[in-house]
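Model the full assembly from the supplied sequences, consistent with the hints where possible.
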Amino acid sequence: MQTTFQIRGELITLDALLKAVGIASSGAHAKELVTQGAVKVDGEPESRRTRKLRGGEVVEVPEAGARIRLEADPAFRKD
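Numbering of the sequence shown is given in the working numbering, commencing with residue 1 and proceeding in unit increments.
Bear in mind the hints are in silico, worked out from the structure with no lab data behind them.
Among the hints, a few may not be true.
[To be verified] Derived Cβ-Cβ restraints for the label pairs, each shown as a range: (1) A75 x G37: 32 to 42 angstroms; (2) T35 x A75: 29 to 39 angstroms; (3) E32 x P74: 28 to 38 angstroms.
If you're wondering where the values come from, they're calculated on a predicted model, not measured in any experiment.
Quick reminder that beta carbons are idealized off the backbone N, C-alpha and C, glycines included.
In structure tokens:
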């Protein structure tokens with residue numbers, strides 16, 4: 001699954017994103033995925049489930065076949 005996710009507001013936490021796109025069924029499941037090292041942000045393993053994500057970043061969960069590109073909320077773009 002390759003998809004784009006539009007952030008509402010300035011940022012979204014990693015665990016909230018995993019739940020929003022259906023990769024994690026709960027906060028505990030999101031925590032488990034991150035703790036296991038199953039989540040990458042911009043190609044690097046991420047160990048913080050509450051990492052703040054912003055537009056332009058890419059989150060990957062290879063075991064779920066997922067790649068999510070984040071788009072910034074137009075109201076918060078700093079163009």
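Against the structure, test the hints numbered earlier, and report the numbers of the ones violated in rising order.
-> none
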